Amino acid sequence: MSNISFVREKEIPQSPPPITESNAIRWVRQNLFSGWLNSLLTILSVYFIYVCLRDFIPWAYGGIWTANSIRECLDINPDVACFSVIGARWRQLLFGFYPTEEYWRPILTFVLLFISIAPVLIPRFARFFWFSLIYPGIAVWLLWGGSIWPVFSIYLAISLTGLVFFLAKNKFKLSSGFSFTAAILFFFLYFIFIAGPFIALFKYILPINLVLIESLQFGGFLLSMIVGFSGIAASFPIGILLALGRQSDLPLVKMICVGFIEFIRGVPLITLLFVASVLLNYFLPPGTSFDIIIRVIIMVTIFSAAYMAEVIRGGLAALPVGQHEASAALGLSYWQSQRLIIMPQALKISIPGIVNTFIGLFKDTTLVSIISLLDPVGLASLIRADQKWNGIYWELYVAIGLMFFICCFGMSQYSQYLERKLKTDNS
Amino acid sequence: MSSVKLPVEKFRLGMLLGDTRYRSTTVQVIAFIIFVSVVFWLVDNTVKNLALLGKDVDFSYLWMRAGYDINQRLIPYTNDSTHGRAALVGILNTLLVAFIGCIIATIIGVFVGILRLSKNWIVAKLMSVYIEGFRNIPILLWIVMIFALLTEFTPAPRAFKGADPEASMIFFQSTAVTNRGAYFPSPVWGDGSVYLILIFILSLAAIFLFRRYAKNLQEETGKNLPKFWISLAIFFIPSILFYFILGGPVSLEYPYLKGFNFKDGIYVRNSFIALTLALSLYTSAFIGEIVRSGILAISKGQTEAASSLGLRPSRIMNLIILPQALRVIVPPMISNYLNLTKNSSLAIAVGYMDVRGTLGGITLNQTGRELESMLLLMGFYLCVSLCVSAIINYFNRSFQIKGL
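From first to last, the protein sequence lines are chains Z and F. So the first sequence is numbered by my numbering: it starts at 10 and just counts up by one. So the second sequence is numbered by my numbering: it starts at 138 and just counts up by one.
One chain only, chain Z, in its complex shape (with noise of 0.2 Å):
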């Protein structure tokens, strides 16, 4: 039986693959050369990296570094980078004119800026969500410098604002809007009675102060963070707003809505900042000047918000009108549905045009060089006025784009993460 001769009695051992299907190799294939056309494609992007590393790399790798004007760069050698000029004025690019001595004030700044957004980006830190409420006022103090009393004043005002709401709602048991009048009502005697007599007693018995430094010192990437991160905290909830109100049942509030978010959004950023430097002071009380960055936040502010609001509206406009119903069907007041129902899900769904409009946000605070503050593109023609500097270009413009381009990048990939980490859903 068993002799049988065309039965094979033992198994063939495994043989490795063909050279041209293991893994390198049939990577190869597949993905770069699986046709004439791919195979062409190819060939002429390795081609344009080629072109495109060969001048920059010896031109950057082989930077100088060390000279100090751009005369002992060219004679050191002509052809490669003189980033000299990033050694010797990196300090501007990032602070504009800020005295020296006080640098440390915009980078404790800086580094309370992460304390203060971690309750709000990390849930396992939510308790400490009052800090990231305080942090406004104390970075105003930091940067502007002058006494703390004004600024404490003002959160003071806030908090016992609070508190008379609270009392009288709770403790009198009045209506809520009742309550409301008599906070508001509270809020104004309190700024036109209390508060300046309350900031003078407290500079004279516990004097605080810091430098105060003029608005036209800042500069540099200071700037573009004090605008754009101002902007983008500020024009979240009016965006919020806007978009209920355009989504509203209001004839009116819809109407003021609608007309407010087109016409923002209908014109260039650029023309509403000169209606902020030239125009602003036509539309308030005759004799009021306020600050410049003020007025330029405040412009950028109303910008992002009306494309803030379009996002936010997207995302109402995606969720289903059971939502709503369902709510409504649980006695839900108004508020209360939107606070616990529409709202986290119409966030969560507009996340990427939410930072989408972030990073345009960050990206516009450029726009302030062409009314003549110095964020870093302002900088960079100011360092090029320079005699040491004149007709450096590219050094410049790397360092800056490269600075831009780390920010934005990390808050869009920090979006995609987010995306991910909040998708609940199967598809």
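You may find that some hints are simply not true.
[Said to hold, decoys possible] Once the Cα atoms are required to be at most 25 Å apart in a straight line, the calculated SDA-like pairs of lysine to any residue come out as: (1) F:Lys185 - Z:Ser286; (2) F:Lys437 - Z:Ile358; (3) F:Lys437 - Z:Trp36; (4) F:Lys256 - Z:Arg38.
[Stated by the list, open to error] Take a look, some chain Z residues computed to stay more than 12 Å from chain F by CB distance: (5) Lys19; (6) Glu30; (7) Ser31; (8) Thr109; (9) Pro132; (10) Tyr144; (11) Pro159; (12) Leu176; (13) Leu225; (14) Ala242; (15) Ala243; (16) Gln256; (17) Ile265; (18) Leu339.
Because the hints were derived from the structure by calculation, they are not lab data. In this text the structure is predicted, and so the values were computed from the model without any measurement. All C-beta atoms, glycine included, are put in the ideal place defined by N, C-alpha and C.
Following the hints, position chain F against chain Z.
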């Protein structure tokens, strides 16, 4: 029969907020009062401020002599023209940049978006780098960088001089790229060129008719003509044929060096090239992402169903994927065109005279009419964007999937 007597509710003040019947009216009335008072406050302040400065609101300056030159213009303009005409020149310049920028951005963007989906690893990565690079660096920086590139790395016109020049013209000696701008050959319309244009228009019409015929033929008989090649033939052959029959009525006038500058030909300034190029590259990165996400939005089942019907990959793309993806792609694409138009107001960074440079720049500074100039400027941009939103809405309505 005892009737239940409903308690007659008496109106209380608290019901204005507490009762849903009255609340919406109350809220709206309050909103209206706040809105009107804010507007009144702003207008009142403006009137007071204007009175303080001794100014009035007066648009008659638009008909006064402007007195400044504009180096790039599409319509005749001298420094004797009016401020209004200067504004018009600026508007046309803005629209020119926007128009050309949109076309270039679309072409590059579509390529980039499709190539980013390529199975070729290197090409896909390269496109990712392109998109992320342009999206994450401010547009203003790109504009000044490209302007610097054009002015620093291109030769001066005198480098073209002499028997053995340092620089030479490109494209068969027809185009000169210099640090002042690019000189292109310009067409000269000779006798009989009218006929040539007529023939060209007729062949366009013929293409349109042919495509309709081919579509009908396919729907009736299922026969499929090679539409693309025949259209291409109709596009080129009659025009070229008649060009030679009429004895070459249209010729090109090449730019040539005279003294230290080029003469004749079409002169395009570096500021214009830099602005258009930067705007279109920047926007193309966004368009690329839109195209990519539009294609990805079409579910894989569509591709699979189409290929199980036996369609070739190119036809799947043309007949199944793109028509559906366009519905997703076009509205955000149009809003990106709008962004490009608004971003063109950064022209001031390279000294290109767009509407912000004329009306909102020199005119504003010369006449001191900030309020009026800014109002007109904002009005212009607002008009453009409202027109574009009207187009988007029309598109959305007409391309909605019927019956949903």
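The hints, checked one at a time:
Taking the CA atoms of lysine 185 of chain F and serine 286 of chain Z, the gap is near 19 Å; set against the 25 Å cutoff, the hint holds. A hinted pair counts as satisfied when its Cα atoms are at most 25 Å apart, and lysine 437 of chain F with isoleucine 358 of chain Z qualifies at roughly 22 Å. Taken as a hint, the lysine 437 of chain F and tryptophan 36 of chain Z pair is honoured in the structure, with Cα atoms around 23 Å apart against an allowance of 25 Å. A C-alpha spacing of about 11 Å is found between lysine 256 of chain F and arginine 38 of chain Z, which places the hinted pair at or below 25 Å, so the restraint holds.
With a least CB separation of 42 Å from chain F, lysine 19 of chain Z remains clear of the 12 Å interface cut-off, as annotated. Look at glutamate 30 of chain Z: its CB is around 18 Å from the nearest CB on chain F, clear of 12 Å, so calling it non-interface holds up. With 12 Å as the threshold on Cβ separation, the claim that serine 31 of chain Z sits away from chain F holds: the shortest Cβ distance comes to roughly 17 Å. Distance to chain F confirms threonine 109 of chain Z as a non-interface residue, since its nearest Cβ pair spans about 27 Å, more than 12 Å.
The Cβ of proline 132 of chain Z sits about 28 Å from the closest Cβ of chain F, beyond the 12 Å cut-off, so the non-interface label holds. The Cβ of tyrosine 144 of chain Z sits about 26 Å from the closest Cβ of chain F, beyond the 12 Å cut-off, so the non-interface label holds. At the 12 Å boundary, the C-beta of proline 159 of chain Z stays outside the reach of chain F, the nearest C-beta of that chain being 25 Å off. Every beta carbon of chain F lies more than 12 Å from that of leucine 176 of chain Z, the smallest distance being close to 19 Å; the non-interface claim holds.
With a cut of 12 Å on Cβ distances, leucine 225 of chain Z stays outside the contact zone with chain F, its closest approach being about 21 Å. Every beta carbon of chain F lies more than 12 Å from that of alanine 242 of chain Z, the smallest distance being close to 20 Å; the non-interface claim holds. Every CB of chain F lies more than 12 Å from the CB of alanine 243 of chain Z, the least distance being 18 Å, so the non-interface label holds. Every beta carbon of chain F lies more than 12 Å from that of glutamine 256 of chain Z, the smallest distance being close to 14 Å; the non-interface claim holds.
For isoleucine 265 of chain Z, the condition that its CB be more than 12 Å from all CB atoms of chain F is violated, with the nearest at approximately 6 Å. Residue placement check: leucine 339 of chain Z keeps its beta carbon more than 12 Å from all beta carbons of chain F (closest about 16 Å).
The structure fails hint 17 only (numbered hints given earlier).
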